[in-house]
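Take the sequences, apply the hints, and build the full model.
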Amino acid sequence: MGRECPHCKQTRPLIDRLVSETNIEITEMEVWHNEENARLMRKYGEAISKACGGDLGVPSFYNERNGKAVCGRVTVDTLRKWALE
Amino acid sequence: MNKRLLRCSVCNDIHLGTKGPEICPTCGAKNAFVVVDRDEALKVIGDQGGKIQTVEELVAVWSDFTKEKDFKLADDKEMIETLAKGELENQKNRGLKYCPCRITTGDFEKDLRLICPCNFLIQKTWKDYGECWCGLFVKR
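For the record, the sequence lines run as chains W and A.
Per numbering that gives the first Met the number 0, residue 0 is the first one in the first sequence, and the count goes up by one each step.
Per numbering that gives the first Met the number 0, residue 0 is the first one in the second sequence, and the count goes up by one each step.
Source of the hints: derived by calculation from the structure; they are not laboratory data.
Treat the hints with care, as some may be off.
[Claimed, not checked] No farther apart than 25 Å at their CA atoms in a straight line, the calculated lysine to aspartate or glutamate pairs in the DMTMM-like style are these:
| hint | chain 1 | residue 1 | chain 2 | residue 2 |
| --- | --- | --- | --- | --- |
| 1 | W | K42 | W | E63 |
| 2 | W | K8 | A | D110 |
| 3 | A | K123 | W | E29 |
| 4 | A | K126 | A | D75 |
| 5 | W | K8 | A | E88 |
| 6 | W | K42 | A | E108 |
| 7 | A | K66 | A | E21 |
| 8 | W | K49 | A | E130 |
| 9 | A | K84 | A | E56 |
| 10 | W | K42 | A | E80 |
| 11 | A | K66 | A | E56 |
| 12 | W | K8 | A | D74 |
| 13 | A | K84 | W | E29 |
| 14 | W | K8 | A | D75 |
| 15 | W | K80 | W | E34 |
| 16 | W | K8 | A | E108 |
| 17 | W | K8 | A | D12 |
| 18 | A | K50 | A | D12 |
| 19 | A | K109 | W | E29 |
| 20 | A | K2 | A | D36 |
| 21 | A | K109 | W | E35 |
| 22 | W | K67 | A | D127 |
| 23 | W | K80 | A | D127 |
| 24 | W | K8 | A | E80 |
| 25 | A | K109 | W | E34 |
| 26 | W | K49 | A | D36 |
| 27 | W | K8 | A | E21 |
| 28 | A | K68 | A | E56 |
| 29 | A | K109 | W | D15 |
| 30 | W | K42 | W | E27 |
| 31 | W | K49 | A | D110 |
| 32 | W | K42 | A | D106 |
[To be verified] Far from chain A, some chain W residues (derived; all Cβ distances over 10 Å):
| hint | residue |
| --- | --- |
| 33 | N22 |
| 34 | A46 |
| 35 | V57 |
| 36 | A82 |
Owing to the predicted nature of the structure, the values given are computational and were not obtained by experimental measurement.
The beta carbon of each residue, even a glycine, is placed where N, CA and C say it ideally should be.
Here's what the structure looks like:
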């Protein structure tokens, strides 16, 4: 997530909905103002940048279980698929 | 790409590129650009150019950038201001107005692609939704 990213803000209710529907745990990390979080994002950079179309973008969602990522404007269906796959 | 600094020998316009413009955009002189070194270019520039330090100034620059183009600024004023604040923060903390919706890699050359406005016409979001990654610039 990025503090000044509009799509991150728009995605927040979708995350809340997904968490309440599925009970999965999603940890939100701000990456523009927290270098440690940014480093972690870069660590998963290959999967994330692929999902973002080439660059590291926000909002990005990384699934630690299967290494899959989704990025950018997403629907709740995309998020559900990403989380439960 | 081997870029060089060039100076218009008529009006002292400074240009960074592989070659100078055939016609100087400021004075209209033809084939007037000559290669100069960095020190000379910086001395010629001096204090000219001003700074973009406030949300209003930055939004005005963006607005001007969209003139006579097939894209415009998004309608959501609050969103535009949020993005402008983010870029000014990035300028303060990281030296350039990087897009707040993407993350720098630490590789300066690569990260130059993230300065806003970026080359958003090649982005998937432009092709799919008619907007840049952030949604700041949208198709008219």
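Results for each hint:
A distance of roughly 12 Å separates the Cα atoms of K42(W) and E63(W); the hinted pair therefore holds under the 25 Å criterion. A threshold of 25 Å between alpha carbons decides the hint, and for K8(W) with D110(A) the separation of about 24 Å falls inside it, so the pair holds. For a cut-off of 25 Å, the pair hint linking K123(A) to E29(W) stands: about 24 Å separates their Cα positions. Restraint check: the Cα-Cα separation between K126(A) and D75(A) comes to about 21 Å, which is no more than 25 Å; the hinted pair holds.
Annotation: proposed proximity of K8(W) to E88(A) holds, straight-line Cα distance about 18 Å (limit 25 Å). Note on K42(W) and E108(A): the hinted pairing holds, with a Cα-Cα distance of about 19 Å set against a maximum of 25 Å. A C-alpha spacing of about 24 Å is found between K66(A) and E21(A), which places the hinted pair at or below 25 Å, so the restraint holds. A distance of roughly 20 Å separates the Cα atoms of K49(W) and E130(A); the hinted pair therefore holds under the 25 Å criterion.
Between K84(A) and E56(A) the CA atoms are separated by roughly 11 Å; this keeps the pair inside 25 Å, and the hint holds. Restraint check for K42(W) and E80(A): the C-alpha separation of about 31 Å exceeds 25 Å, so the hint is violated. A C-alpha spacing of about 16 Å is found between K66(A) and E56(A), which places the hinted pair at or below 25 Å, so the restraint holds. At most 25 Å may separate the alpha-carbon atoms for a hinted pair to count; K8(W) and D74(A) meet this at roughly 17 Å.
Restraint check for K84(A) and E29(W): satisfied, since their Cα atoms lie roughly 16 Å apart, inside the 25 Å limit. Note on K8(W) and D75(A): the hinted pairing holds, with a Cα-Cα distance of about 14 Å set against a maximum of 25 Å. Distance check on the hinted pair: K80(W) and E34(W) sit about 29 Å apart at the alpha-carbon level, beyond 25 Å; violated. At most 25 Å may separate the alpha-carbon atoms for a hinted pair to count; K8(W) and E108(A) exceed this at roughly 29 Å.
Among the hinted pairs, K8(W) with D12(A) is inconsistent with the structure: their alpha-carbon atoms are about 43 Å apart, more than 25 Å. Restraint check for K50(A) and D12(A): satisfied, since their Cα atoms lie roughly 18 Å apart, inside the 25 Å limit. Proposed proximity of K109(A) and E29(W) is supported: the alpha carbons are some 22 Å apart, at most 25 Å. In summary, the hint linking K2(A) to D36(A) is supported, as the alpha carbons are separated by about 12 Å, within the 25 Å threshold.
Between K109(A) and E35(W), the direct Cα distance comes to roughly 20 Å. Compliance with the 25 Å bound is thereby established for this hinted pair. Only pairs whose Cα atoms come within 25 Å are accepted, and K67(W) paired with D127(A) is accepted, the gap being roughly 22 Å. Proposed proximity of K80(W) and D127(A) is supported: the alpha carbons are some 21 Å apart, at most 25 Å. Between K8(W) and E80(A) the CA atoms are separated by roughly 14 Å; this keeps the pair inside 25 Å, and the hint holds.
Among the hinted pairs, K109(A) with E34(W) is consistent with the structure: their alpha-carbon atoms are about 18 Å apart, no more than 25 Å. The suggested pairing of K49(W) with D36(A) is violated, with an alpha-carbon distance near 40 Å, which exceeds 25 Å. About 46 Å separates the Cα atoms of K8(W) and E21(A), which puts this hinted pair outside 25 Å; it is violated. With a C-alpha separation of about 20 Å, the suggested pair K68(A) and E56(A) falls inside the 25 Å cut-off, and the hint holds.
For a cut-off of 25 Å, the pair hint linking K109(A) to D15(W) is broken: about 34 Å separates their Cα positions. For the given pair, K42(W) sits about 16 Å from E27(W) by alpha-carbon distance, which is consistent with the 25 Å threshold. With a C-alpha separation of about 16 Å, the suggested pairing of K49(W) with D110(A) holds against the 25 Å cut-off. Restraint check for K42(W) and D106(A): the C-alpha separation of about 14 Å stays at or below 25 Å, so the hint holds.
No Cβ of chain A approaches the Cβ of N22(W) within 10 Å, the least distance being about 29 Å, so the stated non-interface status holds. With a closest Cβ-Cβ approach of about 14 Å to chain A, A46(W) is found to remain outside the 10 Å limit, as its non-interface label requires. Residue-level check failed: V57(W) sits 6 Å from the nearest beta carbon of chain A, not beyond 10 Å. No beta-carbon of chain A comes within 10 Å of the beta-carbon of A82(W); the shortest separation is about 22 Å.
Figure legend: structure checked against the earlier numbered hints; hints not met, in rising order: 10, 15, 16, 17, 26, 27, 29 and 35.
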